[in-house]
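Chemist: Read off the chains here:
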Amino acid sequence: MAYWLLVQLVLNGIVTGCLYAILAISFAVIYAPSKTFHFAHGSVYVYAGYFLYQFAMEWRWPLPAAIAAAIMAAAVLGVLVDRAVYTPLRKSGAGVMEILLSAFGSFIVLQNVLLLIWKSDPRTVRAPEVLKNGIPFGMLTLTPLDLITVAVAGIVLGGVALFIRTTRLGKAMRAVENDPEVAVMVGISTERVRMVAFFLGSALVAVAAMLTALDKGLEPTIGVNALLIAVVAMIVGGVGSFPGAALAGFFLGIVENLGIWQIPSEWKSTITFTVLAIFILFRPTGFFGQRVARYSE
Amino acid sequence: MNYLVYVLSLVAIYAILTVSLNLVVGYTGILSVAHAAFMGIGAYTAALLLTEWGFNFFLTLPVGLAISGLVAAGLAASTLRLRGDYYIIGSFGFQVIMYNVFLNWIALTKGPFGIRNIPRPRAFGIAFADPARYALLTIVFLAATLWVARRVAESPYGKVLRAIREDEAGAASIGKNVRRYKISIFVVSSMLASVGGALYAGLISYVDPFAFTINESIFLQALVIVGGAGNVYGSVVGAAVLITLPEMLRFFDVPTTVASPIREILYGSLMILFLRFRPKGLLPERISPGVAR
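As given, the protein sequences belong to chains G and P, one line each in that order.
Take 0 as the starting number for the first sequence in numbering that gives the first Met the number 0 and just add one per residue.
Take 0 as the starting number for the second sequence in numbering that gives the first Met the number 0 and just add one per residue.
Certain hints may be false.
Unchecked claim - Cut-off 30 Å, straight-line C-alpha distance, at most; resulting in silico cross-link-like pairs (DSS-like, lysine-lysine):
| # | chain 1 | residue 1 | chain 2 | residue 2 |
| --- | --- | --- | --- | --- |
| 1 | P | K279 | G | K90 |
| 2 | G | K267 | P | K175 |
| 3 | G | K118 | G | K267 |
| 4 | G | K267 | G | K131 |
| 5 | G | K118 | G | K215 |
| 6 | P | K158 | P | K175 |
| 7 | G | K118 | P | K109 |
| 8 | P | K279 | G | K34 |
| 9 | G | K215 | P | K109 |
| 10 | G | K131 | G | K118 |
| 11 | G | K267 | G | K34 |
| 12 | G | K170 | G | K90 |
| 13 | P | K175 | G | K34 |
Said to hold, decoys possible - Computed far set for chain P versus chain G, every beta-carbon distance over 12 Å:
| # | residue |
| --- | --- |
| 14 | Y2 |
| 15 | L7 |
| 16 | A126 |
| 17 | E153 |
| 18 | K158 |
| 19 | L202 |
| 20 | F250 |
Since the hints were made in silico from the structure, they are not lab data.
Even for Gly, the Cβ is constructed at its ideal location relative to N, Cα and C.
Take the sequences, apply the hints, and build the full model.
Modeler: So, in structure tokens, the structure goes:
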């Protein structure tokens, strides 16, 4: 019996891990070329969920249309934050610290505007019942929504990999990531790459928000945890490595679910952070990537 | 009248918190979003020792100082090894965890209900229950904090901190142990934050986890930026302006569900605007003669 429970927890972990992998990639897509620590990414995630709520529940649009519109709206919001806050600051010669502080400011402003619009009570987006009815596989159960999550993660991660490797824009993103000055010399517009990165990253985080909104519902504060997971996965995976980030997302999902076996679920983010602490101390390069620790003692 | 004195105490407490954060952010150039966690450690330590163990308020302070100092040393030693922006994750994660501890370690902290009926301090036969006396007490502590901060900032030690901010590799190349400087200033700053937290608990007379969220940490950053990073008096001005400004909302009969988001939007956007148009803040840093830039 306990054996089946363990397998079930690993399965749940894989489903959660798919969600986390999307979160990790969404943050990495923005961070890699722009080197902007986009703290307000967590807010874009929450807004995406509330856009879906607004379109599907308040305005009663059909669910697929509402999802598509919410993803688009979130992507535009992400680009707007960059254009309105980070880009002017960067052009006025501000350093990393000032941009990070302005990202905190944006996070606070966005979160509280959300409170004014949608108030603080939890919201649910009604999904068709069939999505949440468990399908038994022997002793194990999975819901159709779980299977959709896995499929969506597969499509999203595969799509991003293809985009980065094969398209001109994707290659331009990598070029800007490796050496922005040389990228400009060969005629790449770094501004355009930034915009694409913010658009794509925000659309991806919105995809994760759609899956969460349909499964667990919405609260104004869920962005902080989503951001924590995205950032930790990026570091544990190795900064600069997309496959690493995705893999670390899976890893965190599984660790977290196995943790629930023994530890109450309120301590989830503590587990996440403990994983990070262990990596920083014992494997500062993450799975694959550059060292993030400065001192090599 | 009592209300004015209350606001005055609040300004003094937030000035203590801001001045202490300024030592790390403004002087040394280390961004930390864990200041509210250390404020919370001080507040909970004082609240628990006062209500459960019947400690005197002034005896809770050394305990809070010791706990926050030890925790800060551990956090700094492990996370300040991180390069570039990544060390911010250390303080971000720590802030999230401490909030979870305050919220979920119900046996100790009573979770979301918080700890209520915290008695006002008394010592040497003087009760500080009277709001005016309490305000005076907070101002005395603010003066002490300012004294410590100025001593730190103007000493050779403080000059090394600024050197680390301007050029870390340069400071290391002239033989300064950058890591030790960073850890020690982070410990001092966190200890001062715990005093601010204890005074906060005494003023409000209850503590709950919702006062020590990441938003509170960012609020303290905003106070540092608006006041002026690298100027201790700037932090006092920043706290005075950003605490009293939203208090005006009280006179317009705005319901709290609207007033508190408006307050946060105000300080969030002020922080962005200052960074963009006046990054030196209201009172810019003054470099004393002898400090070469």
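Chemist: Indicate, hint by hint, whether the structure satisfies it.
Modeler: Do the hints match the structure? See the list:
1. P:K279 to G:K90: holds, 17 Å
2. G:K267 to P:K175: violated, 40 Å
3. G:K118 to G:K267: Cα-Cα ~26 Å, so holds.
4. G:K267 to G:K131: holds, 23 Å
5. G:K118 to G:K215: holds, 18 Å
6. P:K158 to P:K175: Answer holds: P:K158 to P:K175 is near 11 Å, not above 30 Å.
7. G:K118 to P:K109: holds, 26 Å
8. P:K279 to G:K34: Between P:K279 and G:K34 the Cα gap is close to 24 Å, so the pair holds against 30 Å.
9. G:K215 to P:K109: Roughly 27 Å between the alpha carbons, so the hint for G:K215 and P:K109 holds.
10. G:K131 to G:K118: holds, 27 Å
11. G:K267 to G:K34: Holds, because 28 Å separates the two Cα atoms, which is no more than 30 Å.
12. G:K170 to G:K90: holds, 24 Å
13. P:K175 to G:K34: holds, 29 Å
14. Y2: holds, 25 Å
15. L7: Given that every Cβ of chain G is farther than 12 Å from that of P:L7, nearest at about 26 Å, it holds.
16. A126: holds, 38 Å
17. E153: holds, 23 Å
18. K158: holds, 20 Å
19. L202: The assertion about P:L202 holds, with a minimum of 24 Å to chain G.
20. F250: At about 20 Å from chain G, P:F250 clears the 12 Å cut-off, so the statement holds.
In terms of the numbered hints stated before, the structure departs from hint 2 and from no other.
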